[in-house]
Amino acid sequence: MVQSVEQIERVDRRVPLVLGGKSFHEVTEAIAAPIEGRTPKLWWIIFSAAVTLLGILVASTGYLFYEGTGIWGLNNPAGWGWAIVNFVFWVGIGHAGTLISAILFLFRQKWRTSINRFAEAMTLFAVACALLFPTIHVGRVWLLYYVFPIPNQMQMWPQFRSPLLWDVFAVTIYGTVSLLFWYVGLIPDLATMRDRAKSALGRMLYGFFSLGWRGSNRHWQHYEVAYLILAGLATPLVLSVHSIVSFDFATSVIPGWHTTIFPPYFVAGAIFSGFGMVLTLMIIARWAFKLEHIMTMRHLENMAKITLLTGTMVGYAYGIEFFIAWYSGNQFEQFTFISRMFGPYSWAYWTMVSCNVFIPQLLWFRKIRTNVKVLFVISIFVNIGMWFERFVIVATSLTRDFLPSSWAYYSPTIWDVAALVGSFGLFFTLFLLFLRFLPMIAVAEIKGVLPQANPHHGHTPHAEESHAGATPAPAEAKE
Amino acid sequence: MAVIFPSWTNKLPHAIGVGLPVVALAAIAGVWYFFSPEFTDVGYRPKQPIAYSHKVHAGDLGLDCRFCHNTIERGFYAAVPPAETCMLCHTTVRKERPTLTPLRLAFKQDKPIKWVRVHMLPDYAFFNHRVHLAAGVGCISCHGRVDTMDVVEQKKSLSMGFCLDCHRNPTPNLRPVSQITNMRWDAKIANYDPKTDPHRKRTVEPPLHCSGCHR
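Line order of the protein sequences matches chains A and B.
Under my numbering, the very last position in the first sequence is 479; numbers go up by exactly one each time.
Under my numbering, the very last position in the second sequence is 215; numbers go up by exactly one each time.
Same shape as in the complex, but just chain B:
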């Protein structure tokens, strides 16, 4: 029989036999790691127009989350405060600080500060802050220790899997409704069990069907 292929091609089957699984595994691992929201979204830390520190305000000064994000218990969305809220204090505190110039300008001109949104859900996902807080899910469960962040960043993946983990088993993320904004609350120290909480009228049964969140 005539020779068609050069002799090095004899190595091809072995090379393919070894190489193909390696490439396939690398592709799977690559997609798994690099395409997941754990990689693409966690750690998102946009530069804000004013270097506002949650660590100073919520951590050191101990402001309650609801002082600024005042809609969370009643509305779908967590409101970002207008300049007036800041000026409740900053008309007297740190009046002259140059880094607050944009704030004073916004207040004077009655124009909103263009804060950059950090935690974003897609439009087709229906998320209501109110029901989650009423069920006793603390801020920390989705937003992390905001009271320790100088610059707020996304700590959790906020992927569908992340939501479903809690919807399937909400108990570890439940706390007394009075403690939802408390960043230092610990279920173990408080020895908390939602089943025995006298303030709970009914058990928490989050929806697992598609239209629970995709309406």
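Isolated chain A, as found in the complex:
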């Protein structure tokens, strides 16, 4: 459909990104309110639930260290179970945060300002959960230093040809860059919180972490440059980290894993799952903290569109996998994919396809994209579907490989479930602490997209003049 000129949104009459015509001060007040006000009851309820789950994680991990990985449902042939499923799931979720904060920043997508802090925090905590699983799954955690290239008396180095080692570097780099990016962005806001803090402890802590920020011109210049550089550094990570994670599978010879589509397919899936998680969290937070005028329906809709796009890309990858399995003429590959659809794990496969491909198609409709409740439900389905995607990949290929004599059915134990549920406890505990103690929206940045931040704000644009807004009004008066 071709849009006529009248239908295109005029640049100087765009709907503001922050609604309600708030002043700079009102925006600061709105964002600082969840930190400075009394702790809401709802926060305590969710927090105690999250800490309970965290307790389950600590207990199950303690038992794991004591007893070994035998408590999980791992055995031959499924030597990789929920630990790697959860790892890939959590790493993937992080990608939406980096996409929003880095790529959308470089593309000057100003709507990202309302949600980037929030999404980056989610990235960090998701990476923390992700790092947990490879750490605890090694069995002898006290030998974990083997993964780092440290000179030692054994003259032993990590296996640099192993994608599992590439993972170590990819994810630790990702975690470091994400932390730096998030922290640098926080500095001006921490200074705001320092200046507003009433307690001496608050002043000390915010003051310490704001690194003496005074908001001088020079500070801002350095800040902007640093932020831009970090955005540049983080951008390739959006693509590289999950590509490397996919190499864990793609560089092996197991049917269903050994495919070249894995890197792009994993990256699309990662962004898809991440947006699902951002939507879930944001819909709760904007409602609970009454920030609907900053995280507007427009933001939700934009994210829903990206979810639809990436979900469809994931669906395309599912289709291409089948096509290539047939086209390759490789009977093992063909068997694996038929077995995925109709074999012992078909229930998981169809859960995955329904949640990731079918249900997101509803987002084609504007009515659904702008319905918060429906959007919330869809985002939950996306989270479930993407967890199942990793489960399907791991379980179906490992339990149905070349030799029928080694086939088996993999099922988790209660301890597998405890680790997954517990990782959600870790994630939500960290996230709730973030919501309570740090500004969940970039205060300084959001002011830059308010209408009054525009140098021409207040001038009535001369609609008929093509250079309206480009020439300052006083200059025109002189003429």
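Bear in mind the hints are in silico, worked out from the structure with no lab data behind them.
Please note that a few of the clues may not be correct.
What the hints assert, rightly or not - Partial chain B-side listing against chain A, Cβ under 8 Å, derived:
| id | residue |
| --- | --- |
| 1 | ILE4 |
| 2 | PRO6 |
| 3 | PHE34 |
| 4 | SER36 |
| 5 | GLY161 |
| 6 | LEU164 |
| 7 | HIS167 |
| 8 | VAL177 |
Small disclaimer: the values here were computed from a predicted structure and weren't measured.
We put the beta carbon where it would ideally sit given N, CA and C, even for glycine.
Model the placement of chain B on the given structure of chain A, informed by the hints.
Relative to chain A, chain B alone:
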């Protein structure tokens, strides 16, 4: 702007800038030195139930190592001799010496002497004396000059790195198989080259892969 931090905190960044590298270097150096088998294992010299002197027996009297440790060429482990081996001589030599009372007691009661093991490898390291001796690695390479020790102590680190140094380049530790127990043999004086040794059927190629030693 209100003053939050006292003025002495201005020195903190400098202190951290100087202190942190110092602490980090000290930690690395400390781990490097104190955690290495060179520090923890070398010099291990346990007190034995009988003050047996290798210096007297292997050095001054010139007993061959294999007289007591008779399994080394055939077995995995170097056997510690039973009391009977000692009594081959000590029924006639130094019969009355009081320090040998535990030996005579053990012989009479048919109970083993509880010698304390000095050279220990972890259980997950597969070490076979036989292959090393057959390749012509002398006792001295891992155990040092035992013939000069009154009390035996560990001289080499026996770390994985120690093993690998030789597995990567065995030549300096090779000698004619006839000289494996000779503590005074010197490759330079003997002008020895394993490649030209007519008794060697093949070149020594020690394994470098993990399962060479961790089976």
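Numbers of unmet hints, in rising order: Of the numbered hints, 2, 3, 7, 8 do not hold.
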